[in-house]
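Mind docking these for me? Both chains are given alone in their own frames, and the hints should help you get the complex.
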Amino acid sequence: MFRITYRETLATKIHLFKIEAAAIARKALAGQFVVIRIDEKGERIPLTLADWDAKEGSVTVVFMEVGATTFRLALLKAGDCIADFVGPLGVPSHIDKFGTVVCVAGGVGAAPIAPIAKALKKKGNEIIFILGARSKDLLFWEDKLRSISHRLIVTTDDGTYGRKGVVTEPLKELLESGEKVDRVIAIGPSIMMKFCALTTQPFGVKTIVSLNPIMVDGTGMCGCCRVSVGGVTKFSCVDGPEFDGHQVDWDLLSARLRIYLDEEKCSLEQWQARMGKHS
Amino acid sequence: MPKLNLNREPMTKQDPKTRGKNFNEVALGYSAEQAKAEASRCIQCPKHPCTDGCPVEIDIAGFIKAVLDDNMPEAVRILKDKNSLPGICGRVCPQETQCEQACSLAKKGAPIAIGRLERYVADWERTNMGALNPRAEPPRPTGKQVAVVGSGPAGLVAVADLAKLGHSVTLFEALHVAGGVLMYGIPEFRLPKEIVQAEVAYVASLGVKIELDSVVGKVVTLDELLESGYHALFLGTGAGAPMFMDIPGENLNGIYSANEFLTRVNLMKAYQFPEYDTPVFVGRRVAVIGGGNVAMDSARCALRLDADEVYIIYRRSEVEMPARREEVENAKEEGIQFKLLTNPKRYIGNESGWVVGIECYEMGLGEPDESGRRRPIAKEGSEFILDVDMVVAALGTRPNPLIAQTTSDLKTTKWGTVVADETIGKTMKDRVWAGGDIVTGAATVISAMGAARRAARDIDEYLRG
Ligand SMILES: Cc1cc2nc3c(=O)[nH]c(=O)nc-3n(C[C@H](O)[C@H](O)[C@H](O)COP(=O)(O)OP(=O)(O)OC[C@H]3O[C@@H](n4cnc5c(N)ncnc54)[C@H](O)[C@@H]3O)c2cc1C
Ligand SMILES: Cc1cc2nc3c(=O)[nH]c(=O)nc-3n(C[C@H](O)[C@H](O)[C@H](O)COP(=O)(O)OP(=O)(O)OC[C@H]3O[C@@H](n4cnc5c(N)ncnc54)[C@H](O)[C@@H]3O)c2cc1C
Ligand code: SF4
Ligand code: SF4
Ligand code: FES
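First to last, the protein sequences are chains R and P. If you read the first sequence in the numbering used here, its first letter stands for residue 1, the second for the next number, and so on. If you read the second sequence in the numbering used here, its first letter stands for residue 280, the second for the next number, and so on.
Check before you lean on any hint, since a few could be wrong.
Unchecked claim - Straight line, CA to CA, 27 Å or less: simulated DSSO-like cross-link-like pairs of lysine-lysine:
id, chain 1, residue 1, chain 2, residue 2
1, R, K27, R, K55
2, P, K624, R, K41
3, R, K234, P, K693
4, P, K315, P, K386
5, P, K488, R, K55
6, R, K136, R, K172
7, P, K361, P, K315
8, P, K548, R, K265
9, R, K234, P, K624
10, R, K41, P, K611
11, R, K27, P, K488
12, P, K611, P, K387
13, P, K300, R, K265
14, P, K423, P, K359
15, P, K488, P, K443
16, R, K97, R, K206
17, P, K488, R, K234
18, R, K123, R, K172
For the record, the hints were derived by calculation from the structure and aren't laboratory data. Remember, predicted model here, so these are calculated numbers, not experimental data.
The following block holds chain P by itself, in its conformation from the complex (with noise of 0.2 Å):
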């Protein structure tokens, strides 16, 4: 057996000081030879744990050995058999507890850098085959329609598979723009907008009909589409409501949702304000609360548009943290500081309603509670008070009600997650599929993709009778 190459081939990345300062994605993706080093690593595992690792389940070892071939198209196809999205994908995955995790060299300490080929692989799609990616015939028509409701990754997966399976799909998004939170959520300096805005005109190239602007449940119910005509429905309307944590003075100006202030600066371009019409406040100060992908990117969002200090407030230590680890590593690069075992007690305001201060308690973890991480608990006696002049609160979202409120028989949790089958995404109402955020609550784009996957699988069925 050969020798173990433990050298991970690094990701070539902007420099922490100039990305601090723009909105161009950070890193910069692997060169050919690069991507080919890294592909050599791979030791072709026959148990492939890497694709058990994937929740869709890609052949890894098999688009990595095509990427060494030299067989790109073959990279792109085994890629594109199980993942539609591999360029939002390789992205953005939390792969050090998926594929990565799984690579048999993790154990090493050096796991394959799966996510960075995947990228390379949908990179070089993107740039070479758009072109001469040869028109598949069109499906057969069946003749029957069913609609989509929500444009975010599960979405945009559920319409593009049941369109590929000849039904006719119409895509109802309540924002002007298709894409979810890969749009107004993830900042374009991680996931170009670009690229996810490819996906959507691929997805419009299959036939789907885009009704954007349309507030499913306010301008139309779900009983109403099921009466007009739709054969099915499925829901990816994710878990996009804010949570605050209904502490003092958490409605001063200056005090954003983690969604306000994204939406304003990704969605918006309020960091090109005033050429577009946009405003957003950003403090010199500013302390975003939460440990998650959502405050590291609010974090580097605010820093980016010129805040001197930017603090992560964070109620348990960094390795319970649930962001992707390479975007801690980003962030503590840029300079972002982080208050760990920390949490608000109240906010303290000025006289004209702004925010001034946060009185933090330091914490302590205890025993683990149901999420299997340990409790945290507040030290009394332990305040101090943090001067800032900006707040985002990234403490988690829900399932926006919209919907559930204006249909009586879509039984949801009593967080309002809607209850589906956990393998097909069958609701309890009749002709209804529902799979990604708004079934699990706040999770990862390729969870929501593979459960938009399997609902379409089933809807099919469904409809073939």
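If we strip away everything but chain R, and leave its shape as in the complex, we get (with noise of 0.2 Å):
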């Protein structure tokens, strides 16, 4: 059983836990996932490493509210346990000197970026970050990622804070500039990630993009995660989940996203009516 030490509602529906998992936490590095499963019926799903401390033996999550797993994790308090926590998986990101680097964040990927963020900045990179959000009272982190930053546009999709528009304008207009850009990085929901592979096309700048498909084992073991990067077809979980955005098939990406939409609703609406809704 893995212990929740702490838990902050950090914006609406967004969730940060801090779990007592020391072994995972000697190992993280930035870009890994674990896979967590809350009890016995419960179904194992994926979250990115928002944050950890090896000497506390703790890591930190952030997950967003979307169906029935996270419904029911964001009812756990500090105190509860999860019956399950494995990691650090996946491919830790490659971090490296690659000069200016924009890290661009949709929602609730605002958390698994920061310590990528963080790593590229100590590697001595500039770091340009855009953060969007549908709306103001979706936006979190603001300014732990201004701290990881030297320059930070914040966007939103209604206007009710920041810049409005998406965070491809800002993306778009930097590449236009005539700003020197070595390199993006894009997390968020795919939609966001597709079009800021799109965005940087042209311009032939490197865009790393964290893949979040449907996963079961998280060990390269099942093959649902599957994506198509460059015509091959590669284990998320395994051989990501980053990926060069501008090799990612993301048509196929979001058809396997829909795999499971009515046993997703149906699974939701049991749940809250078991449990009665929440804010």
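Structural data, given as structure tokens:
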């Protein structure tokens, strides 16, 4: 069993958990993820490492309530335990001195991208951060991200905070302004990552995305997480989750994310009926 | 000499119509009378060819005699002397190519039903001896620590043997339950999970520390284990990485690897969705590609999850099918349809990315290949389309590379299997042994157990120096 030592609600339906997992904290690297299972009847779902502390023996994850598992997870309190917490999984981010790196985060993607940006900054890269959300109440960690970047641009789709619009607009302007950009890293909903990749493609700037297909084991055993990159089938959990965004078959990814739409709805409604809706 | 009795005692099974709708065990086991009737057919051959056919050399004539003599504790003792998992082997061993093939009565077409008798004895032990099982004297601790990676049949045998010899043993398992393929692959209706978990509980009772949720190679490497105080390691991580054919359309929605489908159903209990959170999609018309046990299990799971039509698509003919004979028969009885000498060319999808059909070749058989089986050859121009809305690819598996990737001096073959001495399981890396599917590629439960037993013996010798 793995104990939740701290929890915090960062934004509407976005929560942070700190979990006791010393062995994982010791080995964790930016860009890796864990697979969790709440209890005996729970599903295994992947969550990216948002932070970790080897000394304290803790790992931090940030998740958004979207379906049954994340709904149930949000009901847990500090002191509660979850059955399984497996990691660190996946290939760590490639951290090197690239020059200027633009980190683009969409929604809950702000959390997983933070350790990557931090590591890149430490390597001596110039970090430009674009942080986007649908609306002000979904934004979090603005200060934290500002502290690990040289410049921070905030956008909201509805204009309730920062610049009105989507993240690809400032991204495109940056590239058009002639500013030297050596690498782009985009993490967020797949549609946002896809458009970031499409935006950077004409400029020939290497764009890394962290794919989020449905997973089961997270260790290369089932093939559920397969994606097509450069025409080759890859297992996201062991070959990724980060890939070259210009090579990803986005239509395949979005089709595969819809496999269980009906079941996901049924499962969520069942849990909501049982536990009562909560904010 | 008494007249040979060639009437094999049949096994009582759930009716095919009923069982096609539930996940309860298909074969119901022998009654005491049936077991005795079957045991009485054994002619106690002095040369016991049956024992030579068993990879772990069980004294088959001996345990059968004990059954006949009503000495069940003795039957248990004889079985357990060589096989610590008889309840599992009695159910899943491919007897027709092992002990029963070697039985003197096989020539007459009626070998003793050794597997069924083995199962009978093991089940008797579980229901009758659990409590009165005398606690063996705990072994004298040797002060040596061994780590075993992977909790399939190989790992379970290795930890039990090593613990009984007095070593302090830790078992690392990547998944959230121990048992390997026995838990996530082989379905409940063929091998009740309760039997596997009883074995895991037994191993724990020997003092073995079980670390679940631990992906070795990720959370800790082999070298780190060796540096942190373990004197020896045994790798029993199996061959769990699924292969695909690499043909067009293979990533369409509705196409699973057998591992994914079976894991969702068996390990995650998707057949009890939404009571359990993990869903599984099952189509109306299902094709399973492959002819092994994995294919049969996938097909029969799909049937139990309410598919209307389930096809097995296999590129050779029935005689070449690697699946256990008994399971092929069971599958047929349940209404699985066999499309033999057929192989997929490509998958056809609809506009939302779901599979709607398979274009298949008809196949012919050419000269025998390295495996000794006749090589299947696609007949050009024979293509036809089979309408399906779900596919399970049961095309074989290979070892997961996570450990090899993070261990520089562990030698592997081009198939990803770990190079190890066949008789003692020693790998090319100092203080590391391996056995089971990780060495042989996908094989059998009993061969994995045999390899683990031999490696445990060698590890013990090494530790005692
Ligand atoms: C490597 C990896 C890292 C991830 N890291 C994070 C993270 O740090 N924080 C976070 O909030 N989420 C993360 N996700 C997504 C997270 O795993 C899903 O949100 C979660 O599985 C949903 O489970 P559920 O039961 O609550 O919802 P479900 O009922 O499973 O799904 C509800 C909705 O979410 C969509 N969905 C399902 N699975 C995924 C998925 N894997 N990715 C995206 N959408 C999905 C479905 O299409 C559906 O619309 C990550 C995914 C991957 C593959
Ligand atoms: C569906 C199916 C049906 C079968 N039917 C039969 C049958 O009827 N009869 C028969 O004899 N054989 C059958 N087999 C084959 C048989 O199950 C295998 O040969 C046998 O299980 C191999 O045992 P093993 O211990 O080597 O590996 P496995 O049983 O594969 O166990 C390996 C274990 O190691 C774990 N592991 C892997 N990597 C790591 C890691 N890095 N760190 C920690 N743990 C790890 C895995 O999660 C797994 O639990 C079947 C196989 C399948 C898939
Ligand atoms: S272990 Fe398998 S091969 Fe050996 S006697 Fe039992 S069923 Fe036969
Ligand atoms: S070969 Fe057959 S008949 Fe002979 S002892 Fe063995 S099981 Fe009995
Ligand atoms: S999640 Fe199973 S192989 Fe990636």
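These are the hints, each one checked on the structure:
1. This hinted pair checks out: K27(R) and K55(R) have alpha carbons roughly 12 Å apart, not beyond 27 Å.
2. A hinted pair counts as satisfied when its Cα atoms are at most 27 Å apart, and K624(P) with K41(R) does not qualify at roughly 39 Å.
3. For the hint pairing K234(R) with K693(P), the CA-to-CA distance comes to about 19 Å; that is within 27 Å, so the pair holds.
4. The hinted pair formed by K315(P) and K386(P) meets the criterion: a straight-line CA distance of about 22 Å does not exceed 27 Å.
5. Restraint check for K488(P) and K55(R): the C-alpha separation of about 25 Å stays at or below 27 Å, so the hint holds.
6. For a cut-off of 27 Å, the pair hint linking K136(R) to K172(R) stands: about 22 Å separates their Cα positions.
7. Restraint check: the Cα-Cα separation between K361(P) and K315(P) comes to about 22 Å, which is no more than 27 Å; the hinted pair holds.
8. For a cut-off of 27 Å, the pair hint linking K548(P) to K265(R) stands: about 18 Å separates their Cα positions.
9. Note on K234(R) and K624(P): the hinted pairing holds, with a Cα-Cα distance of about 21 Å set against a maximum of 27 Å.
10. With a C-alpha separation of about 33 Å, the suggested pairing of K41(R) with K611(P) is violated against the 27 Å cut-off.
11. Taken as a hint, the K27(R) and K488(P) pair is honoured in the structure, with Cα atoms around 22 Å apart against an allowance of 27 Å.
12. Of the supplied pair hints, the one linking K611(P) and K387(P) holds, its CA atoms being roughly 25 Å apart against a limit of 27 Å.
13. With a C-alpha separation of about 26 Å, the suggested pair K300(P) and K265(R) falls inside the 27 Å cut-off, and the hint holds.
14. Restraint check: the Cα-Cα separation between K423(P) and K359(P) comes to about 25 Å, which is no more than 27 Å; the hinted pair holds.
15. Pair hint K488(P) plus K443(P) holds up; C-alpha atoms about 13 Å apart against a cutoff of 27 Å.
16. Restraint check: the Cα-Cα separation between K97(R) and K206(R) comes to about 14 Å, which is no more than 27 Å; the hinted pair holds.
17. For the proposed pair K488(P) and K234(R), the alpha carbon gap of about 35 Å is over 27 Å, so the pair is violated.
18. Under the criterion of a C-alpha separation no larger than 27 Å, the hint pairing K123(R) with K172(R) is consistent with the structure, at around 25 Å.
Checked against the numbered hints listed earlier, the structure breaks hints 2, 10, 17; every other hint is satisfied.
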